[in-house]
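Let the sequences and hints guide you as you build the complete structure.
The listed protein sequences correspond, in order, to chains A and B.
Mapping to my numbering: the first sequence position 245 is 245, numbers consecutive.
Mapping to my numbering: the second sequence position 431 is 431, numbers consecutive.
By construction, these hints were calculated from the structure, which means they are not laboratory data.
All values derive from a computational prediction rather than experimental measurement.
Misleading hints may appear alongside valid ones.
[What the hints assert, rightly or not] The calculated lysine-lysine pairs, modelled on DSBU-like cross-linking and capped at a C-alpha distance of 30 Å, are:
{"#": "1", "chain 1": "B", "residue 1": "K468", "chain 2": "A", "residue 2": "K58"}
{"#": "2", "chain 1": "A", "residue 1": "K58", "chain 2": "B", "residue 2": "K727"}
{"#": "3", "chain 1": "A", "residue 1": "K66", "chain 2": "B", "residue 2": "K727"}
{"#": "4", "chain 1": "A", "residue 1": "K236", "chain 2": "B", "residue 2": "K395"}
{"#": "5", "chain 1": "B", "residue 1": "K395", "chain 2": "A", "residue 2": "K234"}
{"#": "6", "chain 1": "A", "residue 1": "K53", "chain 2": "B", "residue 2": "K381"}
{"#": "7", "chain 1": "A", "residue 1": "K236", "chain 2": "B", "residue 2": "K392"}
{"#": "8", "chain 1": "A", "residue 1": "K198", "chain 2": "B", "residue 2": "K388"}
{"#": "9", "chain 1": "B", "residue 1": "K301", "chain 2": "A", "residue 2": "K66"}
{"#": "10", "chain 1": "B", "residue 1": "K388", "chain 2": "A", "residue 2": "K66"}
{"#": "11", "chain 1": "A", "residue 1": "K66", "chain 2": "B", "residue 2": "K381"}
{"#": "12", "chain 1": "A", "residue 1": "K234", "chain 2": "B", "residue 2": "K392"}
{"#": "13", "chain 1": "B", "residue 1": "K395", "chain 2": "A", "residue 2": "K58"}
{"#": "14", "chain 1": "B", "residue 1": "K395", "chain 2": "A", "residue 2": "K225"}
[Claimed, not checked] Over 10 Å on every C-beta distance to chain A, these chain B residues come out as not near it, computed from the model:
{"#": "15", "residue": "S40"}
{"#": "16", "residue": "G349"}
{"#": "17", "residue": "F480"}
{"#": "18", "residue": "E484"}
{"#": "19", "residue": "T488"}
{"#": "20", "residue": "S571"}
{"#": "21", "residue": "P680"}
We put the CB at the ideal spot given by N, CA and C, even for glycine.
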Amino acid sequence: MTGFISNIQRFTIHDGPGIRLTVFFQGCPLSCWWCHNPECIPDFINSNGFTVKEFNEKQLLGEIRKELLFMDESGGGVTFSGGEPLKQPDFLKNMLIACREEEIHTVVDTSGLAAQKIFDSLMDFPDLFLFDLKIIEDILHRKYTGVSNRLILKNLETLNNHNKNVIIRVPLVPGITDTDENISNIIHLLSGLPNLRKINLLPYHAMAESKYIRLNIPYKLSGIKTTDEVRDNKIKEIFLRAGFDTSLGG
Amino acid sequence: MNERINNLRENSLSAEPVMSHQRAQLLTEFYQSQDAKGHSIPVMRALAFKYIMEHKKICVMRGELIVGERGEFPKSTPTYPEIVLHSLDDLEKLDKRKKQFFKVNEETRKIYREKIIPYWEGRTIRDKMFRELSDEWKEAYEAGVFTEFLEQRAPGHTVIGKDSFKKGFLDIKEEIALAISRLDFVNDPLALDKKEELIAMDISADAIMAFAQRHAKKIEMIMAEEKDDERLKELREMHQNCLNVPAHAPQTFWEALQHYWFIHQGVVTELNPWDSFNPGRLDQHLYPFYTREIENGTLTKERAKELLMAFWVKFNNHPAPPKMGVTLKESSTYTDFSLINVGGVKEDGSDAVNELSYLILDVIEEMRLLQPSSMVQLSKKNPDRFIKRALKIVKTGFGQPSIFNTDSIIQEMLRQGKRIEDARNGGASGCVETGAFGNESYILTGYFNIPKILELTLFNGVDPRTGKTLGLKTGNPSDFKSFEELMTAFERQLNHFIDIKIQGNNLIEQIWAKYLPAPFLSTLINDCIPNGKDYNAGGARYNTNYIQGVGLGSITDELTAIKYHIFDRKSFSFDTLIAALKANFDDYEEIEEMLLNHTPKFGNDDDYADDQTRRVFELYFKAIDSRPNTKGGVYRINLLPTTSHIYFGSVIGAMPDGRKAKEPLSEGISPVQGADRNGPTSVLKSAAKIDHLRTGGTLLNQKFTPSFLSDNRGITSVAQLIRTYFKMDGHHIQFNVVTAQTLRDAQAKPEKYRDLIVRVAGYSDYFVDLTEELQNEIIRRTEHENAV
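In structure tokens:
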């Protein structure tokens with residue numbers, strides 16, 4: 001079968017351990033205001049230099065294999081990101097199995113939004129999940145991402161219950177996800193998920209704005225201030241004090 | 001750095017390069033005197049060297065710890081009229097040109113007009129060469145098919161070995177006497193020639209010792225006036241240093257540095273050899289002195305660092321001697337390519353990184369000087385902390401140190417038939433050239449314009465720039481029925497021009513050996529003394545010649561485009577392509593766009609393109625490797641450009657990779673500027689598809705913005721990137737860490753960016769000293785990187 005891929009990036013060093021190759025899947029059920037890859041949101045795109053490429057497993061594996069020496073040297077591997085990789089579950093599963101057979105370390109970088117059945121069928125294959133946790137209050141989650149977080153939180157619980165290797169990634173969008181209330185909500189939620197102890201805080205930056213201009217779609221966060229280092233470090237302290245293994249920055 | 005070093009450094013940075021007539025005048029005086037008459041050429045040359053060393057002005061500056069200047073003061077730069085004679089017009093150009101200028105005062109012009117020019121006109125080694133060289137050679141040279149390294153500068157390209165730090169010139173004189181006593185006048189028909197050469201070496205040993213003694217005298221005079229007790233104590237020690245070295249083997253860390261520096265002065269005054277001279281494996285040479293003295297308590301780490309810093313300033317005081325014409329174009333820089341090696345392995349093959357390696361890295365970082373150049377040798381046996389420490393300096397963005405693969409360098413030398421100890425004691429010098437330090441003469445004979453060969457093939461042997469027929473008639477390309485037919489024609493043209501180049505080299509090499517031997521340099525490189533043979537005549541243990549291939553990325557993309565569009569896809573015909581090239585793509589924008597953006601390119605780990613790289617590499621290797629030179633050695637290949645890729649681009653019209661007429665070629669083995677679109681891992685994969693072990697050096701440039709190395713994760717990842725490239729036998733990699741915006745600012749306000757150093761190609765240079773085209777090229781490279 002084939003998968004729809006927006007982009008393949010090599011020498012990525014912020015999407016899991018070591019030197020990695022990151023595969024950006026096309027299509028995402030969320031539409032976060034701060035999305036860095038807005039071109040990956042629609043299922044298909046062909047405008048202003050953004051196109052979708054179709055790969056079968058063999059072709060994609062061929063691209064991954066080209067990086068093996070770098071992966072071996074650095075303890076790296078491949079990261080499936082997007083878009084939302086779980087939105088193409090069969091292709092993703094085939095790729096995860098193929099990589100496992102070749103002892104290639106895999107990371108799935110996900111919003112967590114997928115039908116429970118799909119999620120359960122996939123969760124045993126990646127070596128590591130990078131799981132986005134954005135907003136706990138569902139009304140706000142709907143406002144800023146376009147969808148409810150009900151399934152997301154359910155899937156996160158599943159990962160906890162099965163003791164999977166997970167790093168929770170929290171984007172710190174000023175005034176939206178970095179509010180005192182949201183941070184304490186996150187800590188409260190995670191206090192009930194004792195197996196999830198790794199947090200990666202991602203400072204906000206507006207580097208994607210030019211993409212929105214290229215795509216001719218409005219950037220709803222235009223003009224908001226970029227990362228506030230003091231604030232971000234304060235949040236890091238809060239997580240550290242709450243007993244989490246916390247890092248700041250991608 | 002302390003105030004003294006800061007002052008010395010500032011003096012060096014602000015000193016203006018000035019042309020000095022001192023050496024030329026002394027040399028001419030000597031040649032005109034009775035003392036020059038009646039000697040063999042080697043002896044006459046040695047006497048001339050001695051005359052200069054006994055009469056040139058001695059410079060000892062306030063606060064200096066290491067003494068010796070080539071000219072009268074920092075950046076006062078001599079000329080070498082026995083090699084190339086500057087006309088009054090040249091002097092005017094040197095004085096007035098914006099880049100790589102040398103100020104020429106009235107006195108110098110007068111002495112040139114009245115003494116130097118009348119004596120040397122028509123008698124230089126360059127005149128002799130151009131009288132002998134064939135028309136075929138001259139036409140190819142003028143068309144920019146190749147350059148000639150030895151038309152304005154002497155062979156050299158070499159580096160001191162460990163033995164020179166263990167003996168003085170009195171010891172060397174004994175070695176010479178022994179060699180003379182062993183001459184066999186019964187069985188050796190060349191015994192007299194050898195004797196003359198050995199006598200010349202002996203005279204040149206006396207010359208360097210006299211030079212040191214004169215410094216001792218000068219320091220004595222300064223001591224008489226000195227009021228400051230602290231400085232007086234220092235001067236006393238410096239005085240003693242000059243009495244001890246280089247006559248005797250150095251005993252202290254300070255003496256070792258002064259010892260080398262006198263030797264350096266000798267080499268660069270005797271002639272103007274390429275890559276000046278080079279202390280090579282400095283951390284290895286100095287380590288025994290350092291540990292002994294640290295243990296004795298006669299040296300502190302701080303003092304060692306200060307001495308090294310004072311040593312660094314001396315290199316920066318010595319710009320490359322004035323270059324003109326094609327030599328300037330192929331090497332547009334003040335840098336004289338003294339490349340200090342740090343790290344690597346010891347003679348027994350074990351990890352050579354020591355405390356001094358790290359101390360030298362500290363010095364490199366703090367000094368931030370154009371010269372000396374510096375590099376780290378990275379072996380699989382060296383610890384990660386070593387490469388990470390080096391990358392923290394790379395991050396500061398002045399292009400140093402560059403990073404070399406010790407394990408490849410050793411294998412390259414073993415393939416060339418060198419002893420394993422000699423290979424392990426070696427390294428890289430100049431830009432990226434592999435050498436057995438202290439044992440080898442490895443001469444770069446000139447750059448070779450590989451894409452020009454394709455252009456000549458596409459135009460059936462005619463140079464479209466001039467309309468002259470230069471090459472073979474290999475057929476009209478529109479008649480080629482397959483890509484293979486084109487490749488056959490290309491190979492024939494390539495071999496034809498390599499033959500012309502080698503024919504010229506054979507002649508030039510013998511002219512140097514016969515007319516301008518280098519007896520002083522010969523005392524320093526093993527086995528010139530026991531062989532009784534000059535360095536320039538094949539006296540060294542190993543004698544290697546190189547022809548440096550330029551434009552590997554460009555030629556790959558050009559051949560790939562032809563294969564892809566004309567033979568595989570049949571997008572357009574050969575006739576259309578040639579018409580588009582002739583028109584420089586005017587009215588052929590659609591074809592230009594296809595060539596630029598819809599064609600496989602080198603640097604993307606795409607075998608379709610990279611197969612052509614391998615092919616060109618094999619053809620180039622086959623054309624050159626193992627052919628004999630005139631010194632008992634053979635030819636090898638390497639792939640580096642210095643700045644010749646700009647010059648070579650300027651003599652080529654539009655090409656099938658979509659490159660417009662006169663634009664620069666790709667440099668080293670890097671992809672065409674902007675052609676790599678998959679990031680650094682793909683570039684390294686593509687670059688590793690040629691067999692680096694069958695070269696004597698390749699050059700790969702990678703650009704990063706500072707942000708890439710801003711944290712430990714970034715540094716670790718880049719270190720892993722390098723380790724992986726080296727696992728694939730990559731020879732060398734270097735980094736430019738700057739943003740395009742910084743560079744544009746520097747272009748607009750050069751006065752504010754005097755100290756901005758960028759990696760150009762195998763060396764670093766001050767950005768503001770680069771030509772505008774080169775500046776633009778570096779901005780384009782950087783922009784591309786920022787966008788990815």
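Verification of the supplied hints:
1. At roughly 52 Å between alpha-carbon atoms, K468 of chain B and K58 of chain A are farther apart than 30 Å, so this suggested pair is violated.
2. The hinted pair formed by K58 of chain A and K727 of chain B meets the criterion: a straight-line CA distance of about 26 Å does not exceed 30 Å.
3. Simply put, K66 of chain A and K727 of chain B have alpha-carbon atoms about 15 Å apart, close enough for the 30 Å limit, and the pair holds.
4. With a C-alpha separation of about 27 Å, the suggested pairing of K236 of chain A with K395 of chain B holds against the 30 Å cut-off.
5. Between K395 of chain B and K234 of chain A, the direct Cα distance comes to roughly 29 Å. Compliance with the 30 Å bound is thereby established for this hinted pair.
6. Of the supplied pair hints, the one linking K53 of chain A and K381 of chain B is violated, its CA atoms being roughly 43 Å apart against a limit of 30 Å.
7. With a C-alpha separation of about 27 Å, the suggested pair K236 of chain A and K392 of chain B falls inside the 30 Å cut-off, and the hint holds.
8. The straight-line distance between the Cα atoms of K198 of chain A and K388 of chain B is roughly 27 Å, inside the 30 Å bound, and the hint therefore holds.
9. Our distance criterion of 30 Å between C-alpha atoms is broken by K301 of chain B and K66 of chain A, whose separation comes to about 46 Å.
10. Restraint check for K388 of chain B and K66 of chain A: satisfied, since their Cα atoms lie roughly 25 Å apart, inside the 30 Å limit.
11. For a cut-off of 30 Å, the pair hint linking K66 of chain A to K381 of chain B stands: about 26 Å separates their Cα positions.
12. With a CA separation close to 29 Å, the supplied pair K234 of chain A and K392 of chain B stays within the 30 Å bound.
13. For a cut-off of 30 Å, the pair hint linking K395 of chain B to K58 of chain A is broken: about 39 Å separates their Cα positions.
14. Pair hint K395 of chain B plus K225 of chain A holds up; C-alpha atoms about 28 Å apart against a cutoff of 30 Å.
15. The claim that S40 of chain B is not at the interface with chain A holds, since no C-beta of that chain comes within 10 Å of its own (minimum 58 Å).
16. The Cβ of G349 of chain B lies farther than 10 Å from every Cβ of chain A, with a closest approach of about 22 Å, so its non-interface assignment holds.
17. F480 of chain B, annotated as away from the interface, keeps every beta carbon of chain A farther than 10 Å; the closest lies near 32 Å.
18. Non-interface call for E484 of chain B relative to chain A: holds, since the shortest CB-CB distance, roughly 27 Å, exceeds 10 Å.
19. The claim that T488 of chain B lies off the interface holds: its Cβ sits roughly 32 Å from the closest Cβ of chain A, which is beyond the 10 Å cut-off.
20. Residue-level check passed: S571 of chain B sits 21 Å from the nearest beta carbon of chain A, beyond 10 Å.
21. Its closest Cβ contact with chain A, about 5 Å, brings P680 of chain B to no more than 10 Å, contrary to its assignment away from the interface.
When the structure is compared with the earlier hints, violations turn up for hints 1, 6, 9, 13 and 21 and for no others.
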